[in-house]
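Novice: Spelled out from the first residue to the last, the chains are:
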Amino acid sequence: MGSWMKMIKELTIRPKGERKIRKSPSYSFDEDLNKPLSGETVKEILSKSSDVVFREFLLQGKERIPCMLVVVDGLVDKNLLDQFVLKPLMVDLVGHPELAQVTLANVIDKTMESLIPGIEVKKISKMGDAVDSILSGDSVIFFGSLTEAIVVGARGWANRGVNEPIAESVVKGPHEGFAETLRVNTSLLRRKIKHPSLRIISLKLGDMSNTDLVVTYIEKIASPDIVSEVLLRLSKIKMDSVIDVGYIEEMIEDNPYSPFPQVAYTERPDVLAGKLLEGKVGIMLDGTPITLVVPAILTQFLSVNEDYYQRAMTAILSRFVRYVGSFVAVVAPSVYIAVTTFHQEIIPTDLLMSISAGRQGVPFPALLEALTMTVVLEILQEAGLRLPKPIGQTIGIVGALIIGDAAVNAGLVSPLMVIIIGLTAVASYAIPYYDLSLAVRMMRFPLMILAGILGFFGVAMGLYAIAIHLLSLRSFGVPYTSPVAPLRIRAFLQDTFVRAPWWALKRRPQLMDVEEPRTNGKG
Amino acid sequence: MERISSHQFTLLGSAVLMGTTFLPIASMVTGVAGRDSWLSVLPGFALGIPYGLMVLALMEQYPQKNLLQITEILWGKWISKIIGILYVLIMIYFGGLLLGQLGDMYESSIMPRTPIEMFYLGGLLLVLYLVKSGIEVFARFSEVLFPLIVFALVLNIGLSIPRVEQGELMPLLSQGMIPIFWGGTKIGPFVMEYILFLAGVLPFLSTNKGELLHLKRGLWKTIFLVGILNTLVVLIQISVFGPSETVNLVYGLLVLGKMVEVSKTIAGVESLFLGVWFAALVIKISAFFFAVIWGLKSIFNAKGFMCNLVVGIIFMGIALKFQKGPALKIEIGFVDNYLIFPFASVWVLTLWGMSYWKKKAGVS
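Chains as they are written, first to last, in the numbering used here: chain A, 1484 to 2006; chain B, 4 to 367.
These aren't lab readings, by the way, just hints derived from the structure by calculation.
It is possible that some hints are incorrect.
[Claimed, not checked] Below, simulated DSSO-like cross-link-like pairs (lysine-lysine); rule was C-alpha separation at most 30 Å, straight line:
hint, chain 1, residue 1, chain 2, residue 2
1, B, K361, B, K135
2, B, K224, B, K84
3, B, K219, B, K300
4, B, K219, A, K1492
5, A, K1561, A, K1606
6, A, K1492, B, K306
7, A, K1518, A, K1655
8, B, K306, A, K1489
9, A, K1687, A, K1531
10, A, K1719, B, K135
11, A, K1526, A, K1499
12, B, K324, B, K135
13, A, K1499, B, K306
14, B, K84, B, K261
15, A, K1545, A, K1561
16, A, K1609, A, K1593
17, A, K1675, A, K1872
18, B, K135, B, K219
19, B, K80, B, K68
20, B, K135, A, K1499
21, A, K1492, A, K1703
22, A, K1489, B, K135
23, A, K1499, B, K300
24, B, K219, B, K68
With the rest of the complex left out, here is chain A (with noise of 0.2 Å):
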């Protein structure tokens, strides 16, 4: 009993201090770590591994030194190597007075000065700092038996390079994303904002997959208090692996079982740059080109970027589209069942006529109908989600064409039922993040069940359930119902419902107690 108690405590309670997630297994190596460096140590750790090149030369200074470069075939610019370090300390430099001075003893600070015309060109002493620039991509030169080595930073190997993000196209802005090189994604960040205040501070994760990870944001404009919170919230995270955001997503966000996201995402430099600027924070993890940001609020989920670079008019008509089809979406469904089952009395009698007429010889009460529709719609979703393109396609048309009408025909569902789901359907469409869409994916099930049960009373009830869990929610600290509630009437005029013709956004988003002004506001 005991030890069923500890599991289910295990699977349903996050630990509130560190958060160890499948512990890595212990190794032979891990004290050689901690030993000091030695190129002979690192080639026993590393040459079981069959993409581990181990070069080696003889430098011909005043004394011949046996050299040894290790690099991972296929995470190192090889051009480069043999260009830039190779070709000078074993051919070019052959006979410079510079190379002839040459001895063990001032090997790596020379090296460092004169033979080796690199950027990234750095010292080390630990084995531990040596094995993971191997495997991360740098190339480290071992030079006899000394305990120091030089990183030469020649990382390149293939990438997908700058496209347009699939899920977060944009008609109106720009069309670059970011891709699954680290660097290649804050150097995008970096091309939009060019300010010394931007900061990149960069973390690894994952005992066994070392990933890469930059927290960034704008001093002065980000509060320290999220800021300390986000770098705390990372640290506590211990995990063997981390290979996609969604791995600290879960691990930072501050209500696990909600169905509602609460930390934002976007695959987009200008998103990121736009979302920094109001004060948030970003998560860039290497290997994906996702960037979480946060903190993140509900109202964030049904804008875009866009709306920024649109004209204002534009903008709301927009953004009123996307509340309108996020409302349509959880409720429609309900809201059928409700009026069908309940609430007669309130639709006009021609109209309820008609409707009777469409549901005459439907065998199924229409809770039934609905729910077996609305299952029907994401099984159709699901399986056209992961499929090629043009089948894809063909399921959409199958699923909603056919059998929608063959259903009909048949007399199992009435049409207003399937024009109800694929409204609904469509609906969904407009809401611009998936999580969100998912979340009123969720919703829309218990919601239908209280329609079919208590009518509009179980619709409002459910409402207010979901109601009051929002207003219950915190993303970092923050109210994820802000700036509706609490009231933050500033940024509830300006940026929320409706967006505010530039000239008129002179502040910053009351979120986060930041009162920096923009300074693009007129006068």
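Dock chain B against chain A, hints included.
Specialist: Then chain B, alone, in the frame of chain A:
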């Protein structure tokens, strides 16, 4: 420690004071003051201003304390315990009756075939969720929902204007001022319900000078906003139904909602309005639930999930005992007029008087 802002105080206070007063108010006041009853609503609510200011003055003098704790400071442990027990009993009983009203309202108006217990359970679950989430979330809930409640109310009034019959309000003051005074006394208990909630919420309010001014302004806004809205409610019902019919209709506003028809597209929207006003009742019941919890904590230091659950069960039990509309209405009237009104008016006034005297006399 949770905190609520002055803006939240205003909206939370308005939502608690408003509750669902707009449903029975016309029938109650018109029964006493006749066709001029709408004139007695705002003066009746104005009683809340001196009482509210007294409570805020006590808060200023004894910051971070609720009225029960202030009572203990001023009158000693045993008297405060007796008053505390009375406070809890009244609040728990009235909260249960309000839960009963919720079920009665839904069962009698739009869903007569659904077991009334389902409405009790639904309402109670929401109240428990709100109480578990804390006063900050409760304040935010009111902040979001109160404007919607007002919107639904104004919409109902606005859509009923075409049915107004001219001459129902005339002649004005035909019976003189006396009926208006008696009409005003019917409002008193509503005000005291709010004052009793205010008595418990004090520790969550900020007591610095600037904020106190905002709170006082918030109090005035609350009283006037709710007073004016309820005046409009009484006015429209008398204008549409006439005074005698208004007295007979317990939930007259819902009948108005039933009569609404917009361009042959939307009709009988009272079920939609009821959906919104459900929030008003949930807020009001939650306010009483919170008051009970604060009271129990002050007197017996009882708190936690089990305490909430027990209070919830008692609420449910009281609601189940008074299921029938007329009995419920009589009981609510009895508690309002003979328990809440005398208890709150005497307690707050005496407490404030004593604290004022002590302050003047320089007694610590």
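Novice: State for each hint whether it applies.
Specialist: Status of each hint after checking the structure:
no. : hint              : result
1   : K361/B / K135/B   : 38 Å, violated
2   : K224/B / K84/B    : 33 Å, violated
3   : K219/B / K300/B   : 27 Å, holds
4   : K219/B / K1492/A  : 48 Å, violated
5   : K1561/A / K1606/A : 21 Å, holds
6   : K1492/A / K306/B  : 24 Å, holds
7   : K1518/A / K1655/A : 56 Å, violated
8   : K306/B / K1489/A  : 27 Å, holds
9   : K1687/A / K1531/A : 25 Å, holds
10  : K1719/A / K135/B  : 28 Å, holds
11  : K1526/A / K1499/A : 41 Å, violated
12  : K324/B / K135/B   : 26 Å, holds
13  : K1499/A / K306/B  : 24 Å, holds
14  : K84/B / K261/B    : 48 Å, violated
15  : K1545/A / K1561/A : 28 Å, holds
16  : K1609/A / K1593/A : 20 Å, holds
17  : K1675/A / K1872/A : 33 Å, violated
18  : K135/B / K219/B   : 28 Å, holds
19  : K80/B / K68/B     : 15 Å, holds
20  : K135/B / K1499/A  : 21 Å, holds
21  : K1492/A / K1703/A : 41 Å, violated
22  : K1489/A / K135/B  : 25 Å, holds
23  : K1499/A / K300/B  : 28 Å, holds
24  : K219/B / K68/B    : 18 Å, holds
Checked against the numbered hints given earlier, the structure breaks hints 1, 2, 4, 7, 11, 14, 17 and 21 and satisfies all the rest.
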